[in-house]
Amino acid sequence: MRFGGSDLHTLAGAYAMDAVSPPDRARFERHMARCEACRQEVRGLREATAALAAAAAVRPPDAFREAVLRQAGQVRQAPPAGARPPARWAALRRRELGWRPRLAVALAGVLAAVAVAGGVITYGMQDRIDQDQRRELTVAAVLTASDATMMTARVSTGGTATVVMSHRERALVFTAARLHALPAADGYELWLIGPAGTRAAGMIAAAGRGRMVGPVVVSGLAAGDSVRMTVEPAGGSARPTSSPVLVISLTGP
Amino acid sequence: MTGGQRGLRRPEPAGPRRGGDELGALLGRVARGDEEAYAVVYDRTAGQVLGLVRAVVRDPAQSEEVTQEVLLELWRSASRFDAGRGSAAAWVTTLAHRRAVDRVRSEQKAAERERRAGASGTAYDEVAEAVEAKLERERVRRCLGSLTDLQRESVTLAYYGGYTYREVAGLLGVATGTVKTRMRDGLIRLRDCLGVDP
Chain A
1 MRFGGSDLHT LAGAYAMDAV SPPDRARFER HMARCEACRQ EVRGLREATA ALAAAAAVRP
61 PDAFREAVLR QAGQVRQAPP AGARPPARWA ALRRRELGWR PRLAVALAGV LAAVAVAGGV
121 ITYGMQDRID QDQRRELTVA AVLTASDATM MTARVSTGGT ATVVMSHRER ALVFTAARLH
181 ALPAADGYEL WLIGPAGTRA AGMIAAAGRG RMVGPVVVSG LAAGDSVRMT VEPAGGSARP
241 TSSPVLVISL TGP
Chain B
1 MTGGQRGLRR PEPAGPRRGG DELGALLGRV ARGDEEAYAV VYDRTAGQVL GLVRAVVRDP
61 AQSEEVTQEV LLELWRSASR FDAGRGSAAA WVTTLAHRRA VDRVRSEQKA AERERRAGAS
121 GTAYDEVAEA VEAKLERERV RRCLGSLTDL QRESVTLAYY GGYTYREVAG LLGVATGTVK
181 TRMRDGLIRL RDCLGVDP
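So the protein lines, in turn, are chains A and B.
The opening position of the first sequence corresponds to residue 1 in the numbering used here, with each subsequent residue numbered one higher.
The opening position of the second sequence corresponds to residue 1 in the numbering used here, with each subsequent residue numbered one higher.
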């Protein structure tokens with residue numbers, strides 16, 4: 001089952017209500033990144049869902065108010081969105097990885113390059129805020145997991161891919177460098193393949209020559225999975241339709 | 001796909017209307033660490049966040065936990081609200097809804113949810129009942145009433161029930177493609193009826 005352009009549009013309603021699986025969400029967001037009309041439509045539909053939420057309002061317990069306000073006083077506030085991602089990555093590298101020197105050194109280059117490529121993988125949409133945050137948290141969780149493992153492999157058509165995986169976090173962080181540039185109609189798609197089945201794990205926005213791409217966060221990692229990358233139509237495929245240009249067998253949990 | 005392009009052709013100006021979005025202005029003050037403004041934001045949003053999260057999560061203790069997380073997130077991330085991308089109310093409820101569905105879709109519950117989705121009928125009645133009891137706002141009720149049955153069921157199961165469109169298709173015994181379009185058509189009709197279109 002492929003999502004053609006017009007078929008994808010119909011996902012706007014389900015997307016606005018979070019009624020989509022992670023792969024569907026990723027597909028629609030890739031589509032939305034190129035579709036201003038879709039972003040506007042989702043924006044309008046979300047205003048409708050806000051009314052649905054308002055209609056469900058209940059009276060919170062009185063003790064709740066005091067507890068939340070007190071806690072807020074103790075929670076540090078986040079800087080505005082888009083506040084220099086390189087700085088955030090640098091901070092992440094220092095703070096979160098300081099106690100894992102070897103991995104930290106290995107990843108330093110990856111993260112520095114990723115900071116530069118940051119713009120490539122951000123989509124201009126309302127959801128970006130939450131996504132960025134969520135992604136950043138997942139990246140931090142994977143990189144600092146006690147079972148974090150890093151693997152690198154060559155892509156058969158050119159370039160190198162690096163994966164940091166954590167079974168504990170059931171996720172991996174994927175980056176690649178110097179990928180062979182593809183025609184605009186094509187893109188690299190990631191897959192998780194194993195006993196749990198074949199799952200689409202996201203498209204890689206292949207930046208210009210030599211550029212670093214990622215980090216792509218892939219969640220739902222299961223035992224026995226391998227990571228594969230294939231060349232697919234730019235909109236993504238539901239199943240791999242070409243032979244993989246990259247296979248990384250992940251170490252077991 | 002009938003009506004597939006209908007919503008896309010509608011011209012939709014960028015900014016939200018609704019009187020300059022007072023909640024948005026409050027969030028701006030919260031972003032600068034204004035605790036008084038946060039207390040007002042709490043008063044304006046806590047009820048609907050809790051109501052929405054409860055509808056989706058059901059379990060009272062977990063609902064309160066998720067609600068607290070969401071409310072604290074408003075404090076923490078107020079600076080990330082961007083008025084150019086929609087109203088503050090939509091930002092808050094989108095955040096709350098996402099957190100709520102994340103909670104119920106955790107791996108551990110997947111099997112149970114599938115069973116529920118398979119046992120046709122009962123789950124829908126349960127959700128519909130819970131939803132109907134909560135529909136306090138006449139306007140929303142009236143507008144939901146203007147949807148076709150399938151549109152309304154698809155929208156309420158997805159939004160209040162926290163189900164994916166595939167799960168909704170299973171619950172209703174309808175093709176996934178149909179549910180997808182009904183969700184969109186239903187929300188478009190709801191949006192137009194409520195007059196919330198920016």
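Misleading hints may appear alongside valid ones.
With the Cβ distance kept under 7 angstroms, some of the chain A side facing chain B (calculated, not the full set) [what the hints assert, rightly or not]:
1) S21
2) P22
3) P23
4) A26
5) L52
6) Q74
7) S237
Calculated from the structure, these hints are not laboratory results.
Note that beta-carbon positions come from the ideal geometry of N, C-alpha and C, so glycine has one too.
Hint check against the structure, violated hint numbers in rising order: 2, 3, 4, 6 and 7
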